[in-house]
Amino acid sequence: MPLNLDAYLGVHQDALKLYAQRTSVLANNIANADTPNYKAQDIDFRAVLAGTAGAGAQTLPLSTTSGSHLAGSAAAPGAAAQLKYRVPLAPSLDGNTVDVQMEQAAFADNSVRYQAALSFLSSKFKDLMTAITGQ
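For what it's worth, the numbering used here labels the leading residue of the sequence shown as 0, then goes sequentially.
Worth flagging that the hints you see were computed from the coordinates, not collected in a lab.
It is possible that some hints are incorrect.
What follows is a set of in silico ranges between Cβ atoms, one per label pair, in the way DEER data are often shown [claimed, not checked]:
hint: 1; residue 1: R85; residue 2: S122; range: 31 to 37 Å
hint: 2; residue 1: Q114; residue 2: A49; range: 40 to 46 Å
hint: 3; residue 1: L88; residue 2: T132; range: 51 to 57 Å
None of the values given here were measured: they were computed from a predicted structure.
Think of the CB as a built atom: it goes at the ideal place given N, C-alpha and C, for glycine as much as any other residue.
Go ahead and model the full structure; you've got the sequences and the hints to work with.
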């Protein structure tokens, strides 16, 4: 009986990718906290995850225009499209919309969620190893 690994792992593998992308976006916000006119961004996690769960393996293949291009893999569908600007609670005079404390709290929350998704995936792989070895 063949095992569909994507179906077995469920949404956790997609969630892990999105948490990693969101970590990058939040770190970028914190790094630009003092940059004038910088607009804080965030990923609409629910919308992207709903889109990737429904899309399955419908990513477009990458094409190269030269033989010297490196082969790559397609990103999660719609991840860049779901990048939204944050509405500031208290806008600053220089146009920067980053609230460092809010960004740090979101970063910490995202880190905990990333670790949870990693734990779920680790548990799934341990279950597979137990089933394979029979121990």
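Taking the hints in turn, this is what the structure says about them:
1. R85 - S122: 31 to 37 Å: Holds, at about 34 Å.
2. Q114 - A49: 40 to 46 Å: Distance hint for Q114, A49 is violated at roughly 22 Å.
3. L88 - T132: 51 to 57 Å: 53 Å, holds
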